[in-house]
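**Q** What follows is the residue order along each chain.
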Amino acid sequence: MSEERAPRRPRGRKPRRKVCAFCVDKIEYIDYKEFRDANSRMRRYINERGKIMPRRMSGNCAKHQRQLSEAIKRARAIALLPYTAE
Amino acid sequence: MNKYELIYILDAALEEAARKELIEKFNGVIAANGGEVVKVDEWGKRRLAYTIDYKTEGYYVYVAFNGAPELPRELSRNLGINESVIRSQIVKLLDKKSSVKPRPVRAAAPVTEEAPAAVEAPVAPAAEEAPAAAPEATDAPATEEAPATETPASEE
Numbered sequence: 001m002s003e004e005r006a007p008r009r010p011r012g013r014k015p016r017r018k019v020c021a022f023c024v025d026k027i028e029y030i031d032y033k034e035f036r037d038a039n040s041r042m043r044r045y046i047n048e049r050g051k052i053m054p055r056r057m058s059g060n061c062a063k064h065q066r067q068l069s070e071a072i073k074r075a076r077a078i079a080l081l082p083y084t085a086e
Numbered sequence: 001m002n003k004y005e006l007i008y009i010l011d012a013a014l015e016e017a018a019r020k021e022l023i024e025k026f027n028g029v030i031a032a033n034g035g036e037v038v039k040v041d042e043w044g045k046r047r048l049a050y051t052i053d054y055k056t057e058g059y060y061v062y063v064a065f066n067g068a069p070e071l072p073r074e075l076s077r078n079l080g081i082n083e084s085v086i087r088s089q090i091v092k093l094l095d096k097k098s099s100v101k102p103r104p105v106r107a108a109a110p111v112t113e114e115a116p117a118a119v120e121a122p123v124a125p126a127a128e129e130a131p132a133a134a135p136e137a138t139d140a141p142a143t144e145e146a147p148a149t150e151t152p153a154s155e156e
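Going down the list, the sequences are from chains E and L. Sequential numbering from 1 applies to the first sequence in this note's numbering. Sequential numbering from 1 applies to the second sequence in this note's numbering.
The set of hints was computed from the structure by calculation and includes no laboratory data. We put the CB at the ideal spot given by N, CA and C, even for glycine. If a hint is listed, it holds; no wrong ones were tucked in.
Not the full set, but computed from the structure, chain L residues with beta-carbon under 10 Å of chain E:
{"no.": "1", "residue": "Glu5"}
{"no.": "2", "residue": "Ile7"}
{"no.": "3", "residue": "Tyr8"}
{"no.": "4", "residue": "Ile9"}
{"no.": "5", "residue": "Arg46"}
{"no.": "6", "residue": "Arg87"}
Make the full structure from the sequences, and use the hints.
**A** Set out below in structure tokens:
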């Protein structure tokens, strides 16, 4: 586990520290109803298979990732989002 | 009194009159148990993300209501009994947080009209502006959020 986080970086530019998009937008509460739109911007936190994007990819902070996953799960429960998609 | 919101999916095959009657009936259940209906919003016929009882379509109804903590249980019991209700979900709205998600700021949306408690109003416009924000992230596809701070803040 510590291997992938090794500090040495052979060459190239430093990857930028990701910023939580929800913090940037000062969002207090992530509403599951946003998944109502097929091309809402929330959809990019879900991959083609319907999986929730991990924090290491989205850069979300813990607080917003919790809210996001809760919102996605609520949206799944009322068939706004698929549990699984091929 | 707590604030709740309910979404239920009715059978899309139901005809207009029967549907209206059912919606009235559930509003009646809320009223009869000491609650008050704040808002009823019929989303209309939608494709379900997955089939439920071999159905691919459903008629979505959104209801915002206030009521005692015992009300949701009674209401979901009633929803569960009814065969025309495919699925239902009651969520408690948190009081301290603004439950309406503000519009994406970086999409240069007018934040001013946010103030009235429009529950679903910001949803539709946000979708239209999302593509506009996407092309900003050209140089770093892996870190799409990162350029947020760099996007031209012309409108602010």
